[in-house]
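What follows is each chain in one-letter form.
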Amino acid sequence: MIPNIEKLSIRRRKMLMGFSFGFGFSLIAFFLNSVSSKSVGFSNFEIIILLFAILGWIFWSYYLIRIMYYNKKIKQDPQLSASLNDEYIQYLRLKSFNIAFWIVLILQGFLYVINMFYSLSVEMVIIVNIFVAVLTAAISFIILDREQ
Amino acid sequence: MTNTKLKNTLKVQRAKKDLTQQQLAELVCVTRKTINTVEKGRYVPSTVLALKLAKTLEVTVEELFILHEE
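Chains as they are written, first to last, in the working numbering: chain A, 1 to 148; chain B, 1001 to 1070.
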């Protein structure tokens, strides 16, 4: 029988994976939409992108709500909260944010260079930055948190 | 120039007390994964955690964590 803390730790990891997948999925759809040519009405391709975006939205919204509910429940038990958010998890969070920071910084360099040859819209730059920042932090944490 | 590494006898001391990683984790209020990473030398615990581990295992911190100079 897996103890409660272990179960909750595994559940947290799975929810983060689900959130990352849905978030990445929906933002890829937004990104494709922003680079596709704008025309009157919806082309078949745009309809498909829209469906993917909606699916992705539903997916990551569901997991975001689950994560928020999970955090709220854990806060009700201070000892459980302290165990699940122990110093090692805090260390991994800091490391993940550190990785995400450097990757986003390097990304600005890439975008700057790309912009010299191809005019980038503000919308696309914002989407790419959000995509990379959120996913890099989440995926870094998932990788660092794996059993070694 | 010497290279200093931190080694630990956590696994040995835990075995002496017949505790699983999970049981030890619950006693010091951390996750089993934290105990695992400390045992494998992948994570250096804080002073507080080191003291908690020593107290729970009824040994001194110096018996639990050793500085090894190469």
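The set of hints was computed from the structure by calculation and includes no laboratory data.
Being a predicted model, the structure only gives us computed values, none of them experimental.
Where a beta carbon is used, it is the ideal one built from N, C-alpha and C, also for glycine.
Among the hints, a few may not be true.
[To be verified] Among chain B residues calculated to face chain A with C-beta under 8 Å, some are: (1) 1022; (2) 1031; (3) 1033; (4) 1047; (5) 1060; (6) 1061; (7) 1064.
[Claimed, not checked] DEER-style ranges, computed between Cβ atoms: (8) 1048(B) <-> 51(A): 50 to 56 Å; (9) 1017(B) <-> 109(A): 51 to 57 Å; (10) 1062(B) <-> 79(A): 38 to 44 Å; (11) 1070(B) <-> 98(A): 24 to 30 Å.
[To be verified] Simulated crosslink set (DSS-like; lysine-lysine; CA at most 27 Å straight-line): (12) 1055(B) <-> 1007(B); (13) 1005(B) <-> 1055(B); (14) 1052(B) <-> 1011(B); (15) 7(A) <-> 1017(B); (16) 1055(B) <-> 72(A); (17) 1052(B) <-> 95(A); (18) 1005(B) <-> 1052(B); (19) 73(A) <-> 95(A); (20) 1052(B) <-> 75(A); (21) 95(A) <-> 7(A); (22) 95(A) <-> 1016(B); (23) 1016(B) <-> 1052(B); (24) 95(A) <-> 1017(B); (25) 14(A) <-> 73(A); (26) 1040(B) <-> 1055(B); (27) 75(A) <-> 1007(B); (28) 95(A) <-> 72(A); (29) 1017(B) <-> 1052(B); (30) 7(A) <-> 1005(B); (31) 14(A) <-> 1017(B); (32) 1011(B) <-> 7(A).
Okay, the hints, checked on the actual structure:
{"no.": "1", "hint": "1022", "verdict": "6 Å, holds"}
{"no.": "2", "hint": "1031", "verdict": "5 Å, holds"}
{"no.": "3", "hint": "1033", "verdict": "7 Å, holds"}
{"no.": "4", "hint": "1047", "verdict": "11 Å, violated"}
{"no.": "5", "hint": "1060", "verdict": "21 Å, violated"}
{"no.": "6", "hint": "1061", "verdict": "16 Å, violated"}
{"no.": "7", "hint": "1064", "verdict": "16 Å, violated"}
{"no.": "8", "hint": "1048(B) <-> 51(A): 50 to 56 Å", "verdict": "51 Å, holds"}
{"no.": "9", "hint": "1017(B) <-> 109(A): 51 to 57 Å", "verdict": "53 Å, holds"}
{"no.": "10", "hint": "1062(B) <-> 79(A): 38 to 44 Å", "verdict": "29 Å, violated"}
{"no.": "11", "hint": "1070(B) <-> 98(A): 24 to 30 Å", "verdict": "28 Å, holds"}
{"no.": "12", "hint": "1055(B) <-> 1007(B)", "verdict": "18 Å, holds"}
{"no.": "13", "hint": "1005(B) <-> 1055(B)", "verdict": "23 Å, holds"}
{"no.": "14", "hint": "1052(B) <-> 1011(B)", "verdict": "15 Å, holds"}
{"no.": "15", "hint": "7(A) <-> 1017(B)", "verdict": "25 Å, holds"}
{"no.": "16", "hint": "1055(B) <-> 72(A)", "verdict": "32 Å, violated"}
{"no.": "17", "hint": "1052(B) <-> 95(A)", "verdict": "24 Å, holds"}
{"no.": "18", "hint": "1005(B) <-> 1052(B)", "verdict": "21 Å, holds"}
{"no.": "19", "hint": "73(A) <-> 95(A)", "verdict": "26 Å, holds"}
{"no.": "20", "hint": "1052(B) <-> 75(A)", "verdict": "23 Å, holds"}
{"no.": "21", "hint": "95(A) <-> 7(A)", "verdict": "24 Å, holds"}
{"no.": "22", "hint": "95(A) <-> 1016(B)", "verdict": "34 Å, violated"}
{"no.": "23", "hint": "1016(B) <-> 1052(B)", "verdict": "17 Å, holds"}
{"no.": "24", "hint": "95(A) <-> 1017(B)", "verdict": "33 Å, violated"}
{"no.": "25", "hint": "14(A) <-> 73(A)", "verdict": "17 Å, holds"}
{"no.": "26", "hint": "1040(B) <-> 1055(B)", "verdict": "20 Å, holds"}
{"no.": "27", "hint": "75(A) <-> 1007(B)", "verdict": "35 Å, violated"}
{"no.": "28", "hint": "95(A) <-> 72(A)", "verdict": "24 Å, holds"}
{"no.": "29", "hint": "1017(B) <-> 1052(B)", "verdict": "15 Å, holds"}
{"no.": "30", "hint": "7(A) <-> 1005(B)", "verdict": "33 Å, violated"}
{"no.": "31", "hint": "14(A) <-> 1017(B)", "verdict": "33 Å, violated"}
{"no.": "32", "hint": "1011(B) <-> 7(A)", "verdict": "23 Å, holds"}
This entry does not satisfy hints 4, 5, 6, 7, 10, 16, 22, 24, 27, 30, 31, going by the numbered hints stated previously.
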